[in-house]
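Listed below, chain by chain, are the residues.
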Amino acid sequence: MAMKLTESTNDTAGSEATEEHVVIFRLADEYYALDIQTVQEIVRMPAITSIPGADTWVEGVTNLRGRVVPVIDLRRRCGVEASDPTADTRIVVVSSSAGMVGLIVDAVTEVTRIPGDQIEPPGVLVTGADNAYIRGVAKLENRLVSLMDLEGVLPSLVDGEAESAEHQLAA
Amino acid sequence: MASAKGRRLQFDLDDEDVKLFCEETEEQIEILDSALVQMEGEPDADLVQQIFRAAHTLKGASATIGHKKMASLTHAMETVLDAVRTGKRKPTSEVVDALLAGLDTLRILAQEVTTRVDSGAETTTLEANLLGLLEATEAPTASPAPAKAARPAERPIPAAVREALAHEAQLGRSVLRVTVAIDPACQLPSIRCFQVLQELEEQGTVHATWPDRATIENGTAEFTLEAILTSSSDEDQVHAAILDITDIAGVEIAPLAIDEAEDSPAVIAAPAPGTRPQLTVVTNDAAPDKAPVHKASQSVRIDVERLDGLMNLVGELVIDRTRLQQIREQLSVVIKGANLKELEANFEETTAHLTRVTDELQEEIMRSRMLPVRSVLTRLPRMVRDTAAKCGKKVELVMSGEETELDRSVIEEISDPLVHVLRNAVDHGIETPEERLAAGKPEVGMVTVRAWNQEASIYLSIEDDGHGIDCDAIRRKAVEKGLLTREAADAATDDAVRQFVFLPGLSTAKKVTDVSGRGVGMDIVRTNIERLNGQVHVRSVLGKGSEFIIQLPLTLATTKALMVTSRGTVYAMPLVSVTEALDEGAAEIHRAAGQTTLRLRDRLLPVRDLGETLGDSRPNTEPPGSRFVVAARHGDRHVAFMVDRLLGEQDVVVKSLGGLVGSRKGLTGATILGDGTLGLIIDIAGLVSEQASSTLAAA
Chain P
1 MAMKLTESTN
11 DTAGSEATEE
21 HVVIFRLADE
31 YYALDIQTVQ
41 EIVRMPAITS
51 IPGADTWVEG
61 VTNLRGRVVP
71 VIDLRRRCGV
81 EASDPTADTR
91 IVVVSSSAGM
101 VGLIVDAVTE
111 VTRIPGDQIE
121 PPGVLVTGAD
131 NAYIRGVAKL
141 ENRLVSLMDL
151 EGVLPSLVDG
161 EAESAEHQLA
171 A
Chain A
1 MASAKGRRLQ
11 FDLDDEDVKL
21 FCEETEEQIE
31 ILDSALVQME
41 GEPDADLVQQ
51 IFRAAHTLKG
61 ASATIGHKKM
71 ASLTHAMETV
81 LDAVRTGKRK
91 PTSEVVDALL
101 AGLDTLRILA
111 QEVTTRVDSG
121 AETTTLEANL
131 LGLLEATEAP
141 TASPAPAKAA
151 RPAERPIPAA
161 VREALAHEAQ
171 LGRSVLRVTV
181 AIDPACQLPS
191 IRCFQVLQEL
201 EEQGTVHATW
211 PDRATIENGT
221 AEFTLEAILT
231 SSSDEDQVHA
241 AILDITDIAG
251 VEIAPLAIDE
261 AEDSPAVIAA
271 PAPGTRPQLT
281 VVTNDAAPDK
291 APVHKASQSV
301 RIDVERLDGL
311 MNLVGELVID
321 RTRLQQIREQ
331 LSVVIKGANL
341 KELEANFEET
351 TAHLTRVTDE
361 LQEEIMRSRM
371 LPVRSVLTRL
381 PRMVRDTAAK
391 CGKKVELVMS
401 GEETELDRSV
411 IEEISDPLVH
421 VLRNAVDHGI
431 ETPEERLAAG
441 KPEVGMVTVR
451 AWNQEASIYL
461 SIEDDGHGID
471 CDAIRRKAVE
481 KGLLTREAAD
491 AATDDAVRQF
501 VFLPGLSTAK
511 KVTDVSGRGV
521 GMDIVRTNIE
531 RLNGQVHVRS
541 VLGKGSEFII
551 QLPLTLATTK
561 ALMVTSRGTV
571 YAMPLVSVTE
581 ALDEGAAEIH
591 RAAGQTTLRL
601 RDRLLPVRDL
611 GETLGDSRPN
621 TEPPGSRFVV
631 AARHGDRHVA
641 FMVDRLLGEQ
651 DVVVKSLGGL
661 VGSRKGLTGA
671 TILGDGTLGL
681 IIDIAGLVSE
691 QASSTLAAA
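Those protein sequence lines, which keep their order, are chains P and A. Position 48 of the first sequence, counted from 1, bears residue number 48 in this note's numbering, the numbering being contiguous throughout. Position 481 of the second sequence, counted from 1, bears residue number 481 in this note's numbering, the numbering being contiguous throughout.
Please note that the accuracy of each hint is not assured.
Claimed, not checked - Listed below are several chain P residues computed to face chain A (Cβ distance under 10 Å; list not exhaustive): (1) D29; (2) A47; (3) T49; (4) P52; (5) I72.
To be verified - What follows is a list of derived Cβ distance ranges for each label pair: (6) P:E151 with A:N312: 25 to 33 Å; (7) P:S96 with A:D495: 45 to 53 Å; (8) P:P85 with A:E588: 56 to 64 Å; (9) P:G123 with A:E27: 34 to 42 Å.
Read the hints as simulated data drawn from the structure, not as lab findings. Ideal placement from N, C-alpha and C gives every residue a C-beta, glycine not left out.
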C-alpha cells in the first residue's frame with residue numbers, strides 16, 4: 001500500500017502535523033498499529049514456556065538469542081478472542097519500560113507511514129477500557145487502524161494495578 | 001559562594017568524562033574512608049602519605065572540572081592532612097571526625113557532577129572547622145593589612161609578561177590589573193586566594209600573581225592577592241565574579257596600559273607587611289596539578305554490561321556444544337557398521353575440542369567477573385566506628401581474608417546483610433565498657449570479620465567477644481510474644497533457640513535504639529541470604545560472644561541443579577537445597593486424612609505436587625506410581641515434592657525472568673535448556689518455608 005507523504009500546510013485543527021511510522025498488525029479482525037521505534041523485531045512463533053500461576057494474558061517466556069523474553073498474548077490482553085496459532089501468527093518483539101517483551105498477534109500486515117492528517121483522536125470511536133492504550137485512530141483506505149500506546153497496553157509492574165486492569169478489560 | 005539548592009550546575013567536562021570522573025573520585029573517596037579511620041592515634045607515615053595523595057588527587061580532579069566548592073573543601077582537608085603529614089598536628093579523634101565529616105560532604109558534592117543539580121551542601125562551616133584545627137598560622141595578624149595596602153606597591157612586570165600582554169591586547173582582550181582584598185576576619189585567606197585565582201582563570205588568562213601560585217597552593221597565602229589578567233570579559237563581569245566569593249572585602253580592577261607597565265621605575269615600594277614580594281610568571285602550561293596521578297595499573301576497567309554480553313555469548317556456545325554432543329550420539333548409532341569411522345572420529349575430536357574451549361572460556365569470563373571481597377569490607381571500619389560511637393561502646397574491628405574473590409553478582413548482595421550483622425554485633429553483642437570491665441574483659445570489645453573460600457562457596461564470619469546469646473531470655477520473649485508455648489520453649493534445645501534470633505519481631509534488646517532493636521533486622525538478613533541460595537548460621541557461648549557465619553555460592557550466575565519435569569514444564573531445582581530424589585514406588589509414602597507424607601530416614605516430610613504448589617492449573621497426566629519424589633531442605637525445614645520425571649543434574653546459567661513476570665511466587669529465574677527452550681528455576685527456599693510452616697505449628 002503506497003502512501004503519499006502529504007504536506008501539512010492545510011492541516012485541520014486538532015490533528016498532529018507529523019506523520020507516524022508504524023507497524024500494522026491484526027488481532028482477530030481488527031487492525032492496530034505500533035510506533036516503529038518501539039519494535040525490535042518480528043518473529044514466528046517460537047517454543048514458549050508457560051509460567052504456572054501467571055495471569056491469563058501472559059503466555060510465558062521464550063528464548064530470544066540467549067535472552068529470556070516474556071511473551072504476552074495481545075489478543076487476550078485487548079479482550080479479543082484468541083485463536084490457535086496459524087502460519088501467519090507472529091510475535092512482535094518490543095522494547096518497553098519493562099524491558100523486551102514479545103506480543104502475540106494474528107498477523108503482521110505492513111510497515112507504513114501514516115500522515116498526521118489521517119489520524120483522529122480516540123474519543124468518539126473508542127470507549128471504555130480500550131482508552132487506556134489507544135491513542136488515536138487512523139483511516140487507511142478502507143479500514144480503521146487503532147494506534148496503540150505500548151506503555152498503556154503493557155501491564156504495569158505492580159501486580160495490583162495489572163490485576164485491576166485485567167478486571168476492567170474482562171468487564 | 002552563593003548556594004542555591006536545586007540550581008542547575010555547569011561543569012567543564014563531557015558526558016563521557018562524567019563516568020570517568022565518578023569512578024576516579026569514588027575510588028579515592030573509598031580509600032579515604034577506610035584509611036582516615038586507621039589514621040587516628042599514632043598512624044604510620046605511609047598511611048598518612050597515602051591519604052594525602054588521595055586528597056590531592058581529589059582536589060586536582062575537582063579543580064579540573066571546575067567544581068569550585070569541591071576543590072575548595074578538598075583543599076582545606078589537604079591543608080590539615082599536610083599538617084599531620086609534617087608532624088605539626090596529631091591526628092586526634094577531633095581531627096579525624098572533622099576530616100570524615102568533610103569526606104561525607106565530598107561524596108555529596110561529587111554526586112552533583114552526575115545530577116548537575118546543586119545539592120545545597122554547605123562547606124563553609126566544614127572548612128572553618130578544619131582550618132580551626134591547625135595551629136594559628138592563618139589567623140589574622142594583630143594589625144590587619146588594610147584593604148588597599150597593596151595598591152601603592154606597584155609590582156614590576158618583567159619583559160616576557162609585557163610581551164604576552166601586548167599580544168593579548170592586540171587580539172582585543174582587555175588587560176587588567178586585579179587587586180583583591182580579603183576580609184581580615186576571614187579564617188581561611190589562602191583558600192579564598194585559591195578560589196579567586198580559579199575564578200580569574202575562568203574569566204581569562206592569568207599572567208602573573210602576587211603571591212605566587214605555589215604560595216597560594218600550599219596554603220600560606222594571606223590577605224591580598226594581585227593579578228594581571230587578560231580577558232574577553234569586561235571589568236564589571238570580572239568584578240562581579242570575584243565578589244561572589246565569600247569573605248572578599250574589596251576588589252579593584254583597573255585596566256593596565258602596557259606602556260604604563262613599561263615605565264614604572266619607582267616600583268620598589270616596600271611590600272605590605274606579611275606579603276611576599278616574589279613574582280612568578282604564570283604560563284598556561286604551569287597549570288596546577290590538574291591531572292590525577294595514574295599509577296601504571298595492571299588492570300583494565302570493563303563495563304559490566306560488556307561482561308554480561310560475553311556471558312550471554314558463552315551461554316549460546318554451551319548450548320551448541322550440547323547440541324553437537326547430542327548429534328554425535330545420534331550419528332554413532334546410525335553409522336555403526338558403515339565405513340564412516342573416520343568421519344565419526346573427526347566429529348568426536350571437534351566436539352571434544354569445542355567442549356574444552358567453551359569450558360575454559362566460561363571459566364575465564366567467570367573469573368573476570370570476580371572481585372575481591374575487599375571492596376565490600378573497606379567501608380566497615382568507618383561504619384563500626386560510627387555505630388560504636390552512637391551506642392557508647394568501644395569496639396575494635398579486625399578483618400582478614402579481604403583478597404577472597406567472589407562474583408560481582410554476589411558482592412552487590414552481600415553488603416547489606418554484612419553491615420546489618422555487624423551493626424547488630426556492636427549494638428547488642430558488645431557490652432558497654434563498664435559492663436565489660438565488670439565482667440573481667442578488656443574495655444575495648446573486638447569484632448572479627450573473616451572471609452574465606454571453601455569448595456563452591458564463600459564464607460563470611462562475623463565474630464564478637466560480647467555477651468553472647470541469652471537463650472533463656474529468648475525463650476521468655478518467644479513465649480511472651482505468643483510464638484511458642486511455655487512447654488515447647490522449655491523443650492527446645494539451646495541450638496534451636498538460638499535460631500530464633502532470625503525470627504521477625506523477636507528482639508531481646510532492652511530498648512529500641514536508633515541503630516537496631518526493632519526486631520525486624522535479622523529475619524530480613526536471613527531471607528535475603530537464602531534468596532541467594534545461601535545460608536546463615538549462628539554460634540554462641542553465653543558470656544563469651546557470638547559468631548554469625550554467612551555462606552553464599554561463589555556466583556549467582558550459574559548454579560548446579562536437579563532437572564525435573566512437572567505437567568510438561570521443565571524445572572531446575574538448585575542442588576544446594578535438594579537432599580534426595582527417589583522413585584515413587586520405592587518411597588515410603590503414607591496417605592491419611594488428605595495429607596500425604598513421606599517417611600525418610602526417621603523423618604516425616606509433607607509431600608506436595610510441584611506443579612500444583614507453583615499454581616500450575618494443567619492436569620496431572622502421569623499414571624500414579626510412576627512419578628518421583630524429591631526431598632528438599634531449607635534450614636531445618638524439610639518438604640518433599642512430587643515430580644513427573646527426573647532429567648539429571650546440570651550446571652544451569654541463571655537468567656532473570658524480568659520485571660513483567662519476575663515476581664512470580666516460587667520462581668527465581670529461567671535457564672536455557674539444551675534444545676533452546678526455557679526451563680524455570682525454582683525458589684526452593686521460599687516454597688519449603690511456606691509449605692513447612694504448617695508443620696512447625698503442629699510440632
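Non-conforming hints, listed in increasing numerical order: Hint check: 1, 8 and 9 fail, others pass.
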